[in-house]
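K.L.:
Please model the complete structure; the sequences and the hints are all you need to start from.
Protein chains in written order, with this note's numbering: chain V, 1 to 207; chain A, 1 to 481.
A hint or two may mislead.
[Stated by the list, open to error] Derived list of chain V stretches under chain A, where covered just means 3 residues or more per stretch with a C-beta under 8 Å from a C-beta of chain A:
| hint | segment |
| --- | --- |
| 1 | 52–59 |
| 2 | 101–107 |
| 3 | 194–200 |
[Stated by the list, open to error] In silico SDA-like pairs for lysine to any residue, Cα to Cα no more than 25 Å straight-line:
| hint | chain 1 | residue 1 | chain 2 | residue 2 |
| --- | --- | --- | --- | --- |
| 4 | A | LYS414 | A | GLY384 |
| 5 | A | LYS399 | V | GLU59 |
| 6 | V | LYS68 | A | GLN409 |
| 7 | V | LYS201 | A | GLU424 |
| 8 | A | LYS414 | V | ARG55 |
| 9 | V | LYS68 | V | GLU49 |
| 10 | V | LYS204 | A | GLU432 |
Quick caveat, the hints were computed from the structure, so don't treat them as lab data. In this text, a Cβ means the ideal position worked out from N, Cα and C, and glycines have one as well.
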Amino acid sequence: MLDNIKQAVLDGEMEKAAELTEAAIAQGLEARQILDTALTPAMDIVGEEYEKGDRYVPEMLISAEAMKGAVTVLKPLLVEAGVKARGKVVIGTVEGDLHDIGKDLVAMMLEGAGFEVVNLGAEVTAEQFVEAAKEHGPDILGMSALLTTTMIHMPGVISALKDAGLRAQIKVMIGGALVTQGYANKIGADGYAPDAASATKLAKSLL
Amino acid sequence: MKDQQRTVRRSRFEVLSKDDQERIYSAALEVLEKTGMRLHEPEALSLLKTAGATVEKDMVHFPARLVEKALETAPKEVLLYTRDGQPALLLNTGNSYFGNGSDCVYILDSFTGKRRKFTKEDVGNAARVVDALENLDFVMPAGIVSDKPVSVADVHAFQVTTFNTVKPVCYTAMTRQETEDIIDVASIIAGGEDELRKKPFLIQYIETSSPLSYSADAAEMLLLCAERGVPIICSPGPIGGATAPATLAGILVLHFAEALSMLVISQLKNEGVPTVIGGCASVMDMKTTVSAYAGPEFWLLNAALTELCHSLGLPMFGTAGCSDAKKVDGQVAIESALSAVTQSLCGADLIHDVGYIDSGLTQCFDSLVIANEILGMVDRIRSGIEVDDERLAVDLIDKVGAGGNYLVQPHTVKYFRSEFWMPELLTRESYEGWIEGGSKTLENRANERARSILNDHKAPPLGEEINEEIFHFLECREATL
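P.N.:
Written out as structure tokens, the structure is:
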């Protein structure tokens, strides 16, 4: 059963992964066991295959989606058992910016790596970021911007977090085509990643 | 190796109209009849005379009907096998197959970066590199072996090539004797001469001496290959402005006339012997006098020749992936890419000289590795854009709607690998990722792959018994020198 769940995740079959997970629970398997011996190992393999170049982004994401399907089934049980996700990330594209494909890519990759992700979408204002931070209590806040004209909203979000007294417990990571490590340093973000795969690595290292 | 029936050519490059093709063909026939070819070889002269050609001293005038007859008997499809007897290259079916070039004087050493004379070991290494590169389909003995006696140098080059790759071999020879020796060596590998005839893994490249002449060796080799059923490439090499007119149309007339004369002789000797025509039409650089291996007129000429061959139903031996640059640089990339794309898109069947630099004098493995990457792209271009309901994706576009994305759609997972070409050697890294990876240029990465193949790649061996028999053959041969 666990092998089948693992395989469904590797094959990127979301419905099958969810159904098999339900069946496994019905058979009396523990949520934690399913997570630790089927889902997480499957995503580890996916990550390795991506690193080696055997698997490409869509094949990784579709596995991440399948993993998410199974985790949705497990979630109430995991909460009950006190099992926490690897970390929680609130993510969004900043105010005035409609571009969200890069940010969505990061969100999906983070989920695949075992993070719980709250995706706020595009055109997210500083106030909305702060509200979401209060509501979800994330470990990391991720911001994306494509344009030089919208990048300038990033420091405003960081100030707003400070003003709300949340900055100390939340790491801030930023990304986008024109964003650089230098800009991250300048505005006092905790990290910058040039692409989705390195964003996942960065998020792990920030915890 | 590519599947025999591999890709459909959807994208096209065409340079001659039907009318142009007919005019060039008629002009070539006129040259063959009116001016004729100079030829001394007695057997060829007698064959031609008997068949109805007019022979005046050493000039042979070919009536058009001899060409027409040869076109009837020459096989329309030619199948070449691997060294191990597997069907590999099916010519004249719309596929383009690529191979390196032969007979370089120098090798640009991938370890030292220095240019030096070719040794037998280098020829073996070239075959190993071709064996390892996925987009190369056939091999040519890459260099002139400088460390063996001249009269058997090509035999050694052939032997060491077959020991280092399973891919079909397009070889050259200097003399009838060498040709005979090479066919004997090939027969040992194939398990006998009959087996070799049935499943040829070799094809001999023979040239005329433009304008309109045969060397005694060329005529003898042509007859011998025909007699022994070895597939032949009839490949004149006129140089526009020097050994051919300076007009591209004139070069084509001369080139085509010479190639057709070779076709006639080979078919007269042995009706049905597999023949491929074409070769390398070029121009002389009027500043340096070099016969250029690249340039717009080079690519136009070889595309036009392909159309001419195909208009007569014959497979074409093309030229691409080669450069006049002296080392691996931007020029190599420009010239290799443009030639490969034009030759492939016009549908040349066997395309040689991939990886040549310095106008064909130098073989460079780094350049061959870069060309291999180019050929991957070219293959994708030539297979074009497939349009059907599922690929039009109207339902999917409707499902995703406005906003949203296509990243995790099963449709994306199903199609991206076949629709998108994936680079192996070219970088698409982020700037940071590129710095982290050592800031390597294309030249650095090509050199790394060439070195890694040279250090690690091994072709499947032939087997001890065959090796010994061939070494024994070579020893006996050399004892007679």
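K.L.:
Which numbered hints does this structure break?
P.N.:
Those not satisfied: there are none.
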